[in-house]
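> Here the protein sequences come in this chain order: A and B.
In terms of my numbering, the first sequence opens at residue 1 and continues consecutively.
In terms of my numbering, the second sequence opens at residue 1 and continues consecutively.
Keep in mind the hints are simulated off the structure, nothing from the lab.
Computed from a predicted model, the values in this text were never measured in an experiment.
Even for Gly, the Cβ is constructed at its ideal location relative to N, Cα and C.
Just so you know, not all the hints are guaranteed correct.
Claimed, not checked - Quick list of in silico lysine-lysine cross-link-like pairs, DSSO-like style, CA-CA up to 27 Å:
1) A:K2 x A:K64
2) A:K2 x B:K4
3) B:K121 x B:K86
4) A:K2 x A:K90
5) A:K142 x A:K29
6) A:K64 x A:K90
7) A:K29 x B:K8
8) A:K2 x A:K29
9) A:K2 x A:K96
10) B:K155 x B:K121
11) B:K86 x B:K155
12) A:K96 x B:K121
13) B:K121 x A:K29
14) B:K6 x A:K2
15) A:K90 x A:K142
16) A:K29 x B:K4
17) B:K121 x A:K2
Unchecked claim - Computed footprint of chain A on chain B; a stretch qualifies when at least three of its residues, placed anywhere within it, have a C-beta under 8 Å from a C-beta of chain A:
18) 16–30
19) 38–46
20) 53–64
To be verified - If you want the ones that stay clear, here's a sample from chain B, every Cβ over 12 Å from chain A, calculated:
21) G49
22) Q69
23) A70
24) L81
25) T83
26) K86
27) L87
28) G108
29) C139
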Amino acid sequence: MKPASFDYYAPTTIAEALDVLAEVGYGGKVLAGGQSLVPAMNFRMALPSALIDLNSIPELDYIKPAGDGGVLIGAMTRDTRVEFDPLVAKAAPMVKETMPHVAHPQIRNRGTFGGLHAHADPTAQIPAVTWALGARMLVRGKEGERWVDASEFYMGPFAPAIEPNELLVEVALPPMPEKSGSSFKQVARQHGAQGLVGAASMVVLDDTGRCKEARLVLTSVGETVLLAVNASQMLVGEVPSAELIAAAAEAAATQDIDPGSDIHCTAEYRRHLTRVLSRQSLTLAFERAAGRGG
Amino acid sequence: MTEKVKVKMTVNGRGYEREVEPRMLLVDFIRNELGLTGTHVGCEHGVCGTCTILFDGQPVRSCLIFAPQANGHDIQTVEGLGTIDKLHPIQEAFWEAHGAQCGFCTPGMMMSVVPFLAENKHPTDDEIREVVSGNLCRCTGYQHIINAVRLAAEKMAEGEQPVQEVSREN
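Based on the provided sequences and hints, a complete structural model is requested.
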């Protein structure tokens, strides 16, 4: 239960961190809040030869308004700060609503918003939420930087679309459109524990009350957090109703996922939870969309 | 073996400097290098919460931080709360309300509520449950812990000076 040896680097700028990453090569691992990496190292499931600690890089710790009315969150911003930030509460209320589900206050005091995404945990709530909201990730390497849409960021379990010589530096959340609503629902065995299934919904209505945009993103039912493609598509262009939402939830549970059984629960139970949580989450999101400016 | 690194930090208001391997966990640094064994080591993977300390004033798991990461930072452990002769109101309350059964989880429980009680003069029981939800008590003495935190809040709201009424010899 003690980590193996590693070389420790604590760069103080992004440029310096990228230099170190290039120098240490594939054995290196970036250390953000460490709330997932350090347990893995304590169990010796992770054995990095070098750790590049980002905690001394102040330029990665910020929350600021984006030009489009959204919000930009630096990768090393602590989850607690995100949870209580007024800009985030306004631009992305689902992030605030979901943060209390992320482990416990002591973990969120240290864990970072960038780390939540870069860890690419298929059970993680916030990546599902930010995908539903239409987030983009800013990834920087020595050659330059690039934007990655949330829909293309999760390559596999714990495998984000970040090259070994790159850093995730920012998560950009767009503003909530007019007549939009969002909601996150989850079932976990106990408060703060990993969710058995989570459902994040984001919907937008047009002036006639029809759904013009919908994203339902699920946790813990695949190798990554994933967009329930069929469920999301069948909502668009329709007037929301209990029947429509039930049909979408059914599609999510039967067509969009292929969950596995594990020590936590069976695949069958995950489908059941997907059906129930998708319905609850979409229902609340549509109610909120109808209430907003409606 | 990896090269040792120099680490300087303030713990309970006192400066310390040591040379350690980077892989040394902060909780092991506090206990083994500094001899402050009030902070306990439990699960060593961030679940149980008994190693909770204040890192620049905020409760965190000291088993999920490497000692060099505390370089230049301000650490508070349970030893910094009060003294034998002058207990902190939180310590008094845990004593009086039987908030410590076997005592293993107690340092983490107390450190988790320090900033919470500083900001919340009259917390509800639900708020108290939320703030200690990240700390496990395997005696399952939770109700007494909730009572102790509520009592601590009352003591602190009254601005009561910590008073030692029971002789240590008893």
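> Determine for every hint whether it applies to the structure shown.
Evaluated hints:
1. A:K2 x A:K64: Roughly 38 Å between the alpha carbons, so the hint for K2 (chain A) and K64 (chain A) is violated.
2. A:K2 x B:K4: Given pair K2 (chain A), K4 (chain B) holds - Cα atoms ~16 Å apart, limit 27 Å.
3. B:K121 x B:K86: 21 Å, holds
4. A:K2 x A:K90: Distance of about 42 Å is beyond 27 Å: violated.
5. A:K142 x A:K29: Holds, at about 17 Å.
6. A:K64 x A:K90: 12 Å, holds
7. A:K29 x B:K8: 24 Å, holds
8. A:K2 x A:K29: Holds. K2 (chain A) to K29 (chain A) sits at ~17 Å (cutoff 27 Å).
9. A:K2 x A:K96: Not OK: K2 (chain A) and K96 (chain A) at ~34 Å, beyond 27 Å, violated.
10. B:K155 x B:K121: Status holds; Cα separation ~10 Å.
11. B:K86 x B:K155: 14 Å, holds
12. A:K96 x B:K121: Holds, at roughly 24 Å.
13. B:K121 x A:K29: Outside the cut-off at roughly 43 Å; violated.
14. B:K6 x A:K2: Distance of about 20 Å is within 27 Å: holds.
15. A:K90 x A:K142: 34 Å, violated
16. A:K29 x B:K4: Judged against 27 Å, a Cα distance of about 19 Å means the pair holds.
17. B:K121 x A:K2: Answer violated: K121 (chain B) to K2 (chain A) is near 39 Å, above 27 Å.
18. 16–30: holds (count 5)
19. 38–46: holds (count 3)
20. 53–64: holds (count 7)
21. G49: Given that some Cβ of chain A is not farther than 12 Å from that of G49 (chain B), nearest at about 6 Å, it is violated.
22. Q69: 6 Å, violated
23. A70: 10 Å, violated
24. L81: 17 Å, holds
25. T83: 25 Å, holds
26. K86: Its Cβ never comes within 12 Å of chain A, the nearest being 27 Å, so this holds.
27. L87: Fine: 23 Å to the nearest Cβ keeps L87 (chain B) off the interface.
28. G108: The assertion about G108 (chain B) is violated, with a minimum of 8 Å to chain A.
29. C139: Non-interface label stands for C139 (chain B): nearest chain A Cβ at 18 Å, farther than 12 Å.
Violated hints, listed in ascending order, are 1, 4, 9, 13, 15, 17, 21, 22, 23, 28; each of the other numbered hints is respected by the structure.
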